[in-house]
Amino acid sequence: MRFIDLISLAMKNFMRRKVRSFLTILGVTIGTAAVVVMLSLGIGMSKGFEAQIGMMGSLTIIEVHRYYHNPSGGPSEPAVIDDKVIEKISQIKGVSAVTPVMRRSAKLISGKYVAWAELYGMRPDAMEELGYVAAEGRLLNPGEGDMLLFGADATQNFYNPKTRRWGNPGGLPPVNVMVDRLQLTLDDSYGEDWADPNKKPAKLYKVRTAGILERGNDQRDWCVIVDIDYLQKIIREYSMSQGHISPGGSSYEQAIVKVPDIRQVERVVDEIKAMQLGTYSLQDILRGMKEQLFMVQAVLGGIGAISLLVAALGITNTMVMSIYERTREIGVMKVLGCLLTDIRRMFLLEAGIIGFVGGVVGLGMSLGASYLLNRFGTNLGWFLGGGGYAPDGTPLPISVIPLWLALSAVGFATLVGLISGFYPANRAMKLSALDAIRSE
1 MRFIDLISLA MKNFMRRKVR SFLTILGVTI GTAAVVVMLS LGIGMSKGFE
51 AQIGMMGSLT IIEVHRYYHN PSGGPSEPAV IDDKVIEKIS QIKGVSAVTP
101 VMRRSAKLIS GKYVAWAELY GMRPDAMEEL GYVAAEGRLL NPGEGDMLLF
151 GADATQNFYN PKTRRWGNPG GLPPVNVMVD RLQLTLDDSY GEDWADPNKK
201 PAKLYKVRTA GILERGNDQR DWCVIVDIDY LQKIIREYSM SQGHISPGGS
251 SYEQAIVKVP DIRQVERVVD EIKAMQLGTY SLQDILRGMK EQLFMVQAVL
301 GGIGAISLLV AALGITNTMV MSIYERTREI GVMKVLGCLL TDIRRMFLLE
351 AGIIGFVGGV VGLGMSLGAS YLLNRFGTNL GWFLGGGGYA PDGTPLPISV
401 IPLWLALSAV GFATLVGLIS GFYPANRAMK LSALDAIRSE
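Under my numbering, the first residue of the sequence shown carries the number 1, and numbering increases by one thereafter.
Any given hint might turn out to be false.
[As the list claims (entries may be wrong)] Straight-line C-alpha distance at most 20 Å; calculated EDC-like pairs for lysine to aspartate or glutamate: (1) K199 x D188; (2) K258 x E271; (3) K290 x E325; (4) K203 x E253; (5) K258 x E87.
FYI, nobody ran anything at the bench for these hints, they're computed from the structure.
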């Protein structure tokens, strides 16, 4: 029997029992829509988590620090991060940039104004790779020791120590760091009323501003970035001027590592931990969120799967009833020489068509429901932990149906139909031709 003949017989059978066929397809439609919508909510939550974590910083940046947590529970001794360690990290496959980091509080002076400054020392050649972008001016260049790079909010730190008025919220800063003369000192008490008059005056360094960073919604917005070699130099000079012993060698507080491919972050973290160094990245937070999200998706998918299971039982029931109604027809087909495999193929095709049509219609319903959720379901998105807004103010979707989910839904619904029709098809194939013809 030709395939086109099988399709023709299947369609005639559907038209013979229109209401029953419609209700069976409706069951598959509801089951498919339930599964797709539930899974799309889980995917939307995952996308929302990633966007929210991404707003906190880059998912491909790893912070390396000296304190390593021993998984075996033994004592954790602080390691040393020096130039040799930095070089070793830079040779790890997948690392595109690494820079040591030092922090030091300082004071900036411009005329009658002073400013608290959190100096953030790093290597200038790693800035671009780490995603630093200048909103005004430019980034630092290697070897420019006396150049500063201000965070987006650090320019508001200037104040008049006599009036104690800070910055100019909502307006221009009192000091234009791009053009005004600036001096730097590591003496935190400089210009303050409580400064110790007996303390030896610290050296003032003339500095210039290379640029101001774009706002990044992180700690660097309030920092003043300098070349780490220059920062080490002035720290040594300040320590010696105050009669302190200057530490020898180059030891750093932490390092920042850039891995362009997010899929390699976990491997790079493992290699750094093998060096007895501690690590932190936003991937750690995201991983924990996704572990919890997996359980939520499993529950949501299970709820939808129950509907599809009920639909599968409905398909089986419909096909069994079809056998009872068409017993005589099956007997005639066998007597006329129809192959047993053709009879099985006919019933499997009918069951598969029910699953396919129900899957396609269910997918259409899912797309409509997804649109409505994204359009009007803002409160639901906040409740589920998804939704929210991207950095540019664009609303994040609550429900996301990727192409793979859409195709899988239709394919799975068709497969459910075929599996549900397997038992009725075999039963029809095994019917005795003589008994089938005698039946009323």
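Cross-check of the supplied hints:
1. With a C-alpha separation of about 12 Å, the suggested pair K199 and D188 falls inside the 20 Å cut-off, and the hint holds.
2. A C-alpha spacing of about 14 Å is found between K258 and E271, which places the hinted pair at or below 20 Å, so the restraint holds.
3. Taken as a hint, the K290 and E325 pair is broken in the structure, with Cα atoms around 51 Å apart against an allowance of 20 Å.
4. For the hint linking K203 to E253, the alpha-carbon distance of about 24 Å lies beyond 20 Å, and the restraint is violated.
5. In summary, the hint linking K258 to E87 is supported, as the alpha carbons are separated by about 14 Å, within the 20 Å threshold.
Against the hints set out earlier in the document, violations occur for numbers 3, 4.
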